[in-house]
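Here's the letter readout for the chains.
Protein chains: 4
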Amino acid sequence: MSLIQDDSYVLVYRDRRRRWLVRPKDTPKLHTHLGILDVSALVGKEFGVVASTTMGDELCILRPTIEDMTMKFARKTQVIYPKDLGLMAVKLGVHAGSKVVETGTGSGATTALMAYLVRPGGMVWTYDINPEFQAVAKKNIERLGLSDSVSFKSADSRLGFDEGGFDAGILDVGDPWEVVPSMKAGLKPSAPMAAVTPTTNQAERLVAKMKDEGFVAIETVEILLRHLEARVGMTRPSNIMVGHTAYLTFGRTTKS
Amino acid sequence: MSLIQDDSYVLVYRDRRRRWLVRPKDTPKLHTHLGILDVSALVGKEFGVVASTTMGDELCILRPTIEDMTMKFARKTQVIYPKDLGLMAVKLGVHAGSKVVETGTGSGATTALMAYLVRPGGMVWTYDINPEFQAVAKKNIERLGLSDSVSFKSADSRLGFDEGGFDAGILDVGDPWEVVPSMKAGLKPSAPMAAVTPTTNQAERLVAKMKDEGFVAIETVEILLRHLEARVGMTRPSNIMVGHTAYLTFGRTTKS
Amino acid sequence: MSLIQDDSYVLVYRDRRRRWLVRPKDTPKLHTHLGILDVSALVGKEFGVVASTTMGDELCILRPTIEDMTMKFARKTQVIYPKDLGLMAVKLGVHAGSKVVETGTGSGATTALMAYLVRPGGMVWTYDINPEFQAVAKKNIERLGLSDSVSFKSADSRLGFDEGGFDAGILDVGDPWEVVPSMKAGLKPSAPMAAVTPTTNQAERLVAKMKDEGFVAIETVEILLRHLEARVGMTRPSNIMVGHTAYLTFGRTTKS
Amino acid sequence: MSLIQDDSYVLVYRDRRRRWLVRPKDTPKLHTHLGILDVSALVGKEFGVVASTTMGDELCILRPTIEDMTMKFARKTQVIYPKDLGLMAVKLGVHAGSKVVETGTGSGATTALMAYLVRPGGMVWTYDINPEFQAVAKKNIERLGLSDSVSFKSADSRLGFDEGGFDAGILDVGDPWEVVPSMKAGLKPSAPMAAVTPTTNQAERLVAKMKDEGFVAIETVEILLRHLEARVGMTRPSNIMVGHTAYLTFGRTTKS
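Residue numbers (the numbering used here), protein chains in the order written: chain U, 1 to 256; chain A, 1 to 256; chain D, 1 to 256; chain X, 1 to 256.
Just so you know, the hints here were simulated from the structure itself, not pulled from any lab data. Ideal placement from N, C-alpha and C gives every residue a C-beta, glycine not left out. Honestly, I wouldn't trust all of these hints.
[Claimed, not checked] Pairwise CB distance ranges, derived in the manner of DEER restraints: (1) X:P28 to D:G121: 45 to 51 Å; (2) U:H31 to X:D6: 17 to 23 Å; (3) D:E219 to A:P181: 48 to 54 Å; (4) U:A41 to X:I240: 40 to 46 Å; (5) U:I36 to X:R17: 24 to 30 Å; (6) D:E46 to U:R231: 39 to 45 Å.
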């Protein structure tokens with residue numbers, strides 16, 4: 001059952017920069033400058049095999065992880081990075097059965113990771129006022145086979161959520177402070193929320209609003225990730241590094 | 001069903017540094033320098049309420065998250081930080097049903113997060129040659145109610161794992177390169193692994209061994225987390241910061 | 001001529017945390033928990049010698065550098081760190097003969113480094129509205145023998161500087177934007193300035209004002225310094241680290 | 001005397017990425033995609049003026065700082081960054097009159113800054129076994145008018161320096177540990193040295209050798225510099241950042 005199917009996504013991997021996410025049924029032949037790979041011939045084989053291109057170059061055929069899938073999402077809006085998503089998942093305590101509300105949907109990368117974690121038994125309600133973004137996200141979620149765990153809502157979450165009793169909440173909009181009252185009303189008492197904001201001004205305004213609304217355990221952090229080039233006798237940090245993605249603000253509701 | 005029980009863990013929260021994790025049955029009265037809190041009186045109330053001490057100080061009564069629980073684990077060995085655990089969870093793609101192998105057990109913090117994520121249907125096999133560490137970890141895992149998802153193995157994982165077909169693997173030992181062949185044999189082809197090493201020398205040696213054993217998509221990273229003190233008109237990064245926890249090395253097996 | 005005198009400052013060095021800055025004439029005997037050091041007996045010896053305490057502990061007798069001297073300054077106000085001072089010195093191009101204006105004086109650490117660099121032939125004019133701060137700074141500058149290169153001005157620099165034609169300017173006050181017009185007027189056309197601000201809000205407001213006043217090449221940076229514990233086979237970054245000191249904003253005047 | 005001469009270097013500045021370092025006598029007309037600038041017409045004008053291109057675009061005419069000059073040096077070898085140079089200058093205490101020894105010369109960027117700081121009365125002896133590098137560096141130093149303060153030595157510094165009694169030393173070679181004994185012999189007792197190494201392995205080996213040779217106050221650091229995009233209401237760290245340049249190791253000699 002672990003064998004590659006015609007509609008399986010496979011990650012064709014050469015190195016960190018040369019990697020392709022394809023399906024045999026969509027891309028029977030993959031043309032690269034390392035030669036052509038016969039993707040259709042992979043059907044029935046195991047993930048993890050090494051395959052040769054027409055030019056004799058060897059490529060690894062990997063089963064895509066949730067990270068591979070979400071990082072390849074259409075970049076119409078800014079994707080949240082794994083370093084940030086991971087901390088959010090841990091601090092929100094999202095796991096099988098969790099009920100999570102998110103606004104906005106964006107490219108669906110956060111939605112996808114959360115949906116991946118809440119199955120079985122959980123659900124992610126994702127709000128966005130922009131139906132175009134949701135169309136892209138919907139397609140992305142479908143590709144991952146996660147549609148059953150996501151409920152798309154095209155609505156203005158500043159006016160409140162249609163549902164309630166959420167275990168965790170995520171804000172990824174330009175004016176998150178406007179949605180804090182909805183979040184307060186929708187979350188279970190004591191439940192955690194996380195917000196993603198690129199600027200210090202947004203974080204500042206958001207934190208003030210969260211305090212006003214009775215949130216506690218409020219903290220804002222940023223995460224810097226740096227690669228280490230670990231080579232025998234020549235180990236050094238990578239000189240390429242992303243300087244900033246976003247500030248993450250966390251807090252928990254109280255029952256007032 | 002969400003009400004506080006006599007054997008519920010509750011997080012008594014004042015601020016980032018003043019927080020206590022207690023159970024009514026163990027600590028009916030909590031003595032703090034802010035006064036005494038009647039913990040037993042919380043039974044039957046909802047999480048999220050605010051309670052007063054004998055000195056009139058208000059404390060928030062929160063439901064502990066998986067982060068709260070694991071970060072309070074006995075510090076006999078070094079606990080892995082949420083920033084690192086989160087990235088590991090995302091890159092390993094751990095979710096309900098995953099079969100994860102880990103060595104060593106340590107305080108059980110990583111074990112706990114993984115067990116929390118693999119339920120229902122998954123399992124974490126955790127190996128350690130030191131039975132004393134496992135005794136501490138077992139107690140920690142029990143407190144979290146996660147014992148059904150963890151299989152403790154007191155054995156030398158350099159000699160191989162008793163099980164196989166793992167979806168993901170975690171190495172957190174002083175000589176991780178010695179366990180790489182066991183990991184290679186135990187993981188499903190294409191499955192990801194993660195290793196935690198404090199020094200650059202360990203990362204260097206580990207990466208070399210992983211290459212020898214046919215792992216691909218190898219990368220070593222470090223994560224720096226900094227707090228932002230977001231206050232209206234006076235926002236600044238925190239001047240207190242952890243400079244280093246560990247290097248995280250990731251890779252995936254191939255079928256050779 | 002390089003021998004220790006009765007009024008020489010000497011740095012008694014054991015390790016990064018145990019170091020003392022003393023003079024034979026003030027502290028003939030230095031009492032430490034490593035024993036008593038006969039400081040007066042060092043007179044006439046060379047810097048760099050190793051001396052023993054009464055308990056037989058060996059201490060290095062070093063000639064204090066400008067860094068040693070400034071970092072020991074009274075901490076009544078926040079001292080600027082060497083990492084920040086160094087970049088400022090390079091970007092301001094301060095060297096022998098430079099005419100530098102600074103406001104405020106603070107503990108005199110920045111003043112001291114600049115005075116150290118502008119000799120011979122240069123001068124540092126340092127403004128502060130708080131005469132108490134200047135009293136402390138004056139004493140610090142005297143200890144370093146740099147008084148001839150510093151002109152202390154107890155005045156409100158928002159109203160302008162008494163002098164002009166400065167080669168470089170430094171702002172280290174709470175409301176630096178208020179002093180930007182004075183800086184514009186006092187600096188030579190094309191001359192660089194640097195400002196030190198702890199918060200993002202200050203940097204934001206300062207940069208806006210500098211743009212208004214025709215400054216160009218404006219940039220704001222922050223510097224993170226981390227120690228590496230370089231030990232054979234066990235090299236790792238230090239886990240103790242300062243998370244934030246200040247944002248540094250640079251710019252140059254234009255002739256409008 | 002501050003007016004632009006035919007052989008003055010001028011920095012033509014538009015923004016952080018569009019800047020040119022030219023001399024009227026070499027480049028009477030500067031062709032840019034913003035139009036042509038009549039550089040020869042700047043002769044006799046003051047630095048700091050704004051000049052228009054043939055397309056009406058305004059460019060600032062700045063007097064280049066030592067940073068501007070060194071950062072434009074030919075990139076045949078790796079240039080040390082201002083953030084690193086600044087800390088080295090402060091920790092080495094280099095100022096007018098200092099006698100500094102350096103190996104290797106590289107592009108001459110470090111040499112240039114040190115020469116700039118030691119004038120008048122000081123000297124920088126710069127050793128390199130590669131005469132080709134020194135040819136480039138010599139030209140760079142000449143352009144800066146600093147040749148009188150630099151003594152170029154084409155020799156193997158592992159065999160010792162021809163001079164002695166240095167106030168400070170700088171090592172910027174691939175095998176700095178090989179030069180530590182020469183440094184020990186050449187520096188005044190108690191004098192500081194600094195070494196620049198890209199890898200952790202080099203730092204590790206260097207520190208071990210420095211300890212063997214009796215150096216004290218040894219410390220290795222790395223500096224991360226990040227830009228803050230300070231804009232009213234939209235302030236955020238820059239997402240572009242250099243992840244690593246080099247480790248800096250400092251220490252002081254003792255008299256053994």
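Query - Assessment of proposed distance window 48 to 54 Å (beta carbons of D:E219, A:P181) - result: holds (51 Å)
Requested in this report: Could you see if the CB distance from U:I36 to X:R17 stays within 24 to 30 Å?
Outcome: violated (39 Å)
Query raised in the report: In this structure, is the beta-carbon distance linking D:E46 and U:R231 contained in 39 to 45 Å?
Result: Taking Cβ atoms as reference, D:E46 and U:R231 lie about 44 Å apart, which means the hint holds.
Report task. Using the Cβ atoms, figure out if U:H31 sits within 17 to 23 Å of X:D6. Result -> Cβ of U:H31 to Cβ of X:D6: about 57 Å, so the range 17 to 23 Å is violated.
Requested in this report: Go ahead and decide if the range 40 to 46 Å is satisfied by the Cβ distance of U:A41 to X:I240.
Outcome: holds (42 Å)
Query raised in the report: Is 45 to 51 Å right for how far apart the beta carbons of X:P28 and D:G121 are?
Result: violated (35 Å)
Hints 1, 2 and 5 from the earlier list are contradicted by this structure; the remaining hints agree with it.
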